[in-house]
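K.L.:
Below are the chains, spelled out letter by letter.
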Amino acid sequence: MTLALVVAFLIITAIGVPLFLLFGSAAMVLFALGQGGTITSVAIDVFSEKFADSPTLVTIPLFTIAGYLMAEGGTPKRLIKLSRAMLGWMPGGLAIVCLCTSAFFTTFTGGSGITIVAIGGLLMPALLQEGYPRRFSLGLITSAGSQGILFPPALPLILYGIVANVLIDKLFLAGLIPGMLTVLALCAYSAFIGVKSNVPRIPFSIKNAREALWEVKWELGLPIVVVGGMATGLLRVHEASAFTGLYVLLIEAFVYREISLTRDLPRIIRESMTLVGAILAILSTAIGFTGYLIQAQVPMQLLGWMQTFITSKFMFLLVLNVFLLIAGMVMEIFAAIFVVVPLIVPIAMHYNMDPYHLGITFLVNLEIAYLAPPLGLNLIISSFRFERPVTEVYRAVLPFIGVLTITLLITTYIPALSTYLPSLSKSKDLTSEERGAPDVGEKPGGEQDLDDLDGPTLDDLDGPTLDDLDKDNPSEKGETLDDLDSLNLDDLDKQLEPEPEAPAAP
Amino acid sequence: MKRFNDGLARGEAALATGMLLLMLVVAFAQAFLRNLSNYGVGWANVALGWLSFADFIISKGTLWLAFLGASLAVHADKHISIDIVPRLVSPKARIIMRGVSSLIASVICFALARAFWTAVLINGDELPADFAVLDMTGNIHVCDASAQMLSESGAQKPGFFCAIRAGFLGLGVKLETPGAMFQLISPIMLVFMSVRFAGQGLWELIRVARGDTHDDLHAHGVTGAATEVARHVDPKDAP
Numbered sequence: 000m001t002l003a004l005v006v007a008f009l010i011i012t013a014i015g016v017p018l019f020l021l022f023g024s025a026a027m028v029l030f031a032l033g034q035g036g037t038i039t040s041v042a043i044d045v046f047s048e049k050f051a052d053s054p055t056l057v058t059i060p061l062f063t064i065a066g067y068l069m070a071e072g073g074t075p076k077r078l079i080k081l082s083r084a085m086l087g088w089m090p091g092g093l094a095i096v097c098l099c100t101s102a103f104f105t106t107f108t109g110g111s112g113i114t115i116v117a118i119g120g121l122l123m124p125a126l127l128q129e130g131y132p133r134r135f136s137l138g139l140i141t142s143a144g145s146q147g148i149l150f151p152p153a154l155p156l157i158l159y160g161i162v163a164n165v166l167i168d169k170l171f172l173a174g175l176i177p178g179m180l181t182v183l184a185l186c187a188y189s190a191f192i193g194v195k196s197n198v199p200r201i202p203f204s205i206k207n208a209r210e211a212l213w214e215v216k217w218e219l220g221l222p223i224v225v226v227g228g229m230a231t232g233l234l235r236v237h238e239a240s241a242f243t244g245l246y247v248l249l250i251e252a253f254v255y256r257e258i259s260l261t262r263d264l265p266r267i268i269r270e271s272m273t274l275v276g277a278i279l280a281i282l283s284t285a286i287g288f289t290g291y292l293i294q295a296q297v298p299m300q301l302l303g304w305m306q307t308f309i310t311s312k313f314m315f316l317l318v319l320n321v322f323l324l325i326a327g328m329v330m331e332i333f334a335a336i337f338v339v340v341p342l343i344v345p346i347a348m349h350y351n352m353d354p355y356h357l358g359i360t361f362l363v364n365l366e367i368a369y370l371a372p373p374l375g376l377n378l379i380i381s382s383f384r385f386e387r388p389v390t391e392v393y394r395a396v397l398p399f400i401g402v403l404t405i406t407l408l409i410t411t412y413i414p415a416l417s418t419y420l421p422s423l424s425k426s427k428d429l430t431s432e433e434r435g436a437p438d439v440g441e442k443p444g445g446e447q448d449l450d451d452l453d454g455p456t457l458d459d460l461d462g463p464t465l466d467d468l469d470k471d472n473p474s475e476k477g478e479t480l481d482d483l484d485s486l487n488l489d490d491l492d493k494q495l496e497p498e499p500e501a502p503a504a505p
Numbered sequence: 000m001k002r003f004n005d006g007l008a009r010g011e012a013a014l015a016t017g018m019l020l021l022m023l024v025v026a027f028a029q030a031f032l033r034n035l036s037n038y039g040v041g042w043a044n045v046a047l048g049w050l051s052f053a054d055f056i057i058s059k060g061t062l063w064l065a066f067l068g069a070s071l072a073v074h075a076d077k078h079i080s081i082d083i084v085p086r087l088v089s090p091k092a093r094i095i096m097r098g099v100s101s102l103i104a105s106v107i108c109f110a111l112a113r114a115f116w117t118a119v120l121i122n123g124d125e126l127p128a129d130f131a132v133l134d135m136t137g138n139i140h141v142c143d144a145s146a147q148m149l150s151e152s153g154a155q156k157p158g159f160f161c162a163i164r165a166g167f168l169g170l171g172v173k174l175e176t177p178g179a180m181f182q183l184i185s186p187i188m189l190v191f192m193s194v195r196f197a198g199q200g201l202w203e204l205i206r207v208a209r210g211d212t213h214d215d216l217h218a219h220g221v222t223g224a225a226t227e228v229a230r231h232v233d234p235k236d237a238p
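Listed in order, the protein sequences are those of chains A and B. Take the first sequence: its letters are residues 0 to 505, numbered as in numbering that gives the first Met the number 0. Take the second sequence: its letters are residues 0 to 238, numbered as in numbering that gives the first Met the number 0.
If you're looking for bench data, these hints aren't it; they were derived computationally from the structure. Where is the CB? At the ideal position from N, CA and C, for every residue including glycine. There may be inaccurate statements among the hints.
[Unchecked claim] Chain A regions said to be covered by chain B (calculated; three or more residues, Cβ under 8 Å):
#1 7–19
#2 160–173
#3 271–282
#4 394–402
#5 416–423
From just these sequences and the hints, can you work out the full model?
P.N.:
Okay, structure coming up:
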């Protein structure tokens, strides 16, 4: 039976059934077969604070529309002009321009491949014309497309925050230093190639720089206001996303007049909301799926199994890197966030790993996964956009993967790079209880022995008590026990939803 | 049929557009007023009170965007899937795979629609304190309360909401809160998606049976979404 189900699942995965339905069907089957849940459990969490009522989720559509508006307006052109005027005099100038502009752009478009087509499409001919080798240029544009996912408010960063249940504003701060480190490392490599290939340099001109800066003034204000607003507490994360969306809409439509409210806006909103729908659909069913995994104590079983051969944090980090890279090679990036994060968060907590350090390490791994053959999204988009065979793109990105691996190791083994800035923030960290799902009932870094792992005790199994009812009701908050009077007992069974958290070990 | 489908998608897109713009404005206004009110501006605090529905719009709006967008993604064939095998096979095999996978997707969508429908009914059956008036027999819904009970408890009857609630009750659907009503978007859109998947699956299989094996690999999925943007980026902008 189990084998038949697994085979059937692999077949429907292989023929290309959309990911959100794979999660949805797996969750429905598991809930129906396993204990303590019904098929309806798949839907209950979607209406709870894990999805619809999550204060962070709304940032995904709002930041995405901002990114799309910028991509279709003249922002790529203006950004390139600016960074060219500022950085073009350096060795490898145009390549560095490509990296910096791409990073800025991916930050706002969420690493969905738009950077490669929007920025790469504009810069590829110029790179070749200036004398950069073709393979280097192809690799550069392909890898530059994933730079920027560590800077606020990039979509993968937000998704990680939601799935792992950590504070988004702290996660935003955590990504800054490692993000800059990766961009700088790639810039250094580009400069080296620039010198080696004898690419001519453009002399720096103050006049050009001033002109370019003036042209892009409206966009440049944005990261300052958004990051500044969040750091000072003037803007909460979802307000920052609304500000960004509205601001970009106003400047593109009324200041630059590059987007027509009647002709372009409806189409752009529709395209961006299609992407948002595709991503949120996965999130909505993945929540049910991971809900089942946690209920079935899969992370704890994994942990118990791992403890037998991983004894130190150092070893854990190494295994984590290898595991994430392999996961990234066979899985699409968003899929990796949804599937892998709920599994590794409790394990990482056991090995005393800082949640923000884990997040950034995870995302640097994914930056590489974007480029990892055979499934890396950037490889496929790049191969299509520049009409090169995908195997040529594989070869082109190899040196870049090498550079990124070095920065990955640095980020992994020097936790301070990602934990220093969040430690300065005044935002209160979530307690493990508030953190909900991925928690296995132990304090971060707390010691746990194997006895804790052998599953629920009898006390845990005999069903929810009246106290649990309050917690489990998926409805609006503010219910008291009195409200229960209005329900009849038959309904009660239906209402009881399985305990979303693994029972806490005594 | 195709025209109806496209028209429906236009309707969904219009709804999503309206919701997105509303959310942008409401969330921004909330941020603006909150900061003003923190600086002690009196009227900002009053206006913030009027905007008390903002959080509701933002959270339910996200749910709407998620499901409207997911339905649009089915219409535009932009859902994310693990497509390594379809990439490796011949165009004909690919079309067959897409046909079969769409039919399977249709079935899964329908099952999900049922699960979400049940969940909405469970949520709709609950009577939270905000909508309850205390009576000797227990809590009754504010819409069902008599004038005397309302005056005793100092509650007011939300007329518009009560009318919609009565309409749903007439259909045999008990939804006690606006929140539960807004949740209806998910089962409805899942049914739309199920029908769309079925139509697409059948169409691909009919196409193959007729001997039409033309297929553009890049029209689908995430690559398709990125290419869409690329079409509007002006190559003349290159430096």
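K.L.:
Would you mind marking each hint as holding or not holding in the structure?
P.N.:
Here's how the hints hold up against the structure:
1. 7–19: The restraint on the region 7–19 of chain A holds, since 9 of its residues have a Cβ under 8 Å from chain B and three suffice.
2. 160–173: violated (count 0)
3. 271–282: holds (count 11)
4. 394–402: Violated, because only 0 residues of the region 394–402 of chain A bring their Cβ atoms closer than 8 Å to Cβ atoms of chain B.
5. 416–423: The restraint on the region 416–423 of chain A is violated, since only 0 of its residues have a Cβ under 8 Å from chain B and three are required.
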